[in-house]
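Q: Listed in order, the protein sequences are those of chains A and B. For what it's worth, my numbering labels the leading residue of the first sequence as 446, then goes sequentially. For what it's worth, my numbering labels the leading residue of the second sequence as 446, then goes sequentially.
Check the hints yourself; a few may be wrong.
[As the list claims (entries may be wrong)] Straight-line C-alpha distance at most 25 angstroms; calculated DSS-like pairs for lysine-lysine:
1. A:Lys710 to B:Lys645
2. B:Lys710 to A:Lys645
3. A:Lys645 to A:Lys710
4. B:Lys645 to B:Lys668
5. B:Lys601 to B:Lys549
6. A:Lys519 to A:Lys549
7. A:Lys668 to B:Lys523
8. B:Lys710 to B:Lys668
9. A:Lys710 to B:Lys519
10. B:Lys503 to B:Lys523
11. B:Lys710 to A:Lys519
12. B:Lys601 to A:Lys668
13. B:Lys523 to B:Lys601
14. A:Lys523 to A:Lys549
15. B:Lys523 to B:Lys549
16. A:Lys710 to B:Lys668
17. B:Lys503 to B:Lys549
Calculated directly from the structure, the hints in this document are not laboratory data. Values in this document were obtained by computation on a predicted structure and should not be read as measured data.
There are 2 protein chains.
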Amino acid sequence: MTVTVVGLGLIGGSVARDLHRSGFAHSIVGVDSSRENCTTALEMGLVGSVASLEEAVKAAEVVILAVPVNVIVKILPKVLDLTTPGQTVIDMGSTKQAITEVVKQHPNRYRFVAAHPMAGTERSGPTAAVERLFEGRIAILCDIADSAPDAVAEAKRLFSTGLRMNIVTMGAAAHDIHAAYISHLSHVISYALALTTLDKERDVNTLFSMAGGGFSSTARLAKSDATMWTPIFLQNRDHLLEAIAAYRQHLDNLAHAIEQGDEIKVNELIGQANRIRDLLP
Amino acid sequence: MTVTVVGLGLIGGSVARDLHRSGFAHSIVGVDSSRENCTTALEMGLVGSVASLEEAVKAAEVVILAVPVNVIVKILPKVLDLTTPGQTVIDMGSTKQAITEVVKQHPNRYRFVAAHPMAGTERSGPTAAVERLFEGRIAILCDIADSAPDAVAEAKRLFSTGLRMNIVTMGAAAHDIHAAYISHLSHVISYALALTTLDKERDVNTLFSMAGGGFSSTARLAKSDATMWTPIFLQNRDHLLEAIAAYRQHLDNLAHAIEQGDEIKVNELIGQANRIRDLLP
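For reference, chain A alone in the conformation it holds in the complex (with noise of 0.2 angstroms):
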């Protein structure tokens, strides 16, 4: 089959290498408005072709939109404004309300499967893309009764056989949610140490190379581009600042026992803090 990708980054690179490299997709187009990203794509081979968004939509059974979310919710209706019956579109965004909102009267709303691949680096661009991202990863598809079941059915398929993810279902709303606590969260906090340590130690080079792989490992998603994170956040807004008042509260808890200088009361803490060894690898 023919599968297009909308977005040559690190998402939309990635897929296309696995779902190739898999069989799911005999052929790939790419679509991209950086002209550099489409001929870098077309050199490392992660696109057989790349044409325009409206070309590149007809030539394909299965359509996926990775893109920054602002992009999606742009291009979303346009790309469905194309579709006919026997195609399926697939979006990658991290968030989901604000997607399947903007869709929510089209026509051919029901060709539309809402997914969210549960993985990703720091980095971007076809450069950035790397085999086997998603293996072994959740992929959660969100609101799948409002897609036609052939639709939902070759999502599964693209999720499970192409990409080698387990396959979770949700509602827009809980994954939103859940997204802010898992992704979007860990984000904020690690471009706020960034901004904290940056701003702090202005001899940034003599003391960045103190940093032991603790730091490094927090401040990781630091790193991550501007032009993908900002929309996730102002999509995600609502959820996303009850996650951060949560977290506040968790940090000046933690800040106050270790300002009354309360041994008990921290060990605790951090006791129950550990509890996370039982749920991350």
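Given the structure of chain A, go ahead and fit chain B onto it with the hints provided.
A: Positioned in the frame of chain A, the structure of chain B alone reads:
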């Protein structure tokens, strides 16, 4: 030479392994209040023998303290009581002011070198010991004017030749400020994130399986042991609280921009945070 390692956990075990492997020490004597740790360290070949603190200090040219910082302030004066002019005592604690303060007036203070090798993992105990944990990392030596030149030379040789680290020297107060920002704050942040998410996500097994690499990276340090970290937080309380306050300002600033839906400001803050790319590998 014979080296005594007091505390056979992640740090002590890893130091013992590398000092023996590199040929810096032909014989390693271990000390640990846990009989189980002693047995494990012997079985793993991390140490050649175990002994009481008193015997082990007498047996060695170099004595390394790799126990939690609250234990270091307790046993360092006792170790220095036993120390003779030919011996060097080096601690590996993550705080330096409280530790140097407690032996300021000790007649054998000059045999002690206050050190902090900036390396570690979130694991603990002798089974967490890994080869080359320290290689290429920074070892900070503090207040070296208070140590005998031959003791400083021995410590430098140990960290550079034995553990292949890069050495930086600074005052204990400067160390504690930098450590607050570059290491201790990351742990506070990670504990608070783990507490927030564990608290929110009741159906944890399903939901944590959603977590991509980003969450795991940011929450990794929350696996770190309370036995080690509670005393670090309490000993470095003032600098750490200052770092937390600075961090909260940046967090609030970012949250405010998100709340306002201020795309330009959010973009700008993320762009500033992205400068961390140039500083972290």
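Q: Go through the numbered hints given earlier and state which of them the structure violates, listing their numbers in rising order.
A: Result: hints 3, 7, 8, 12 break, sorted rising.
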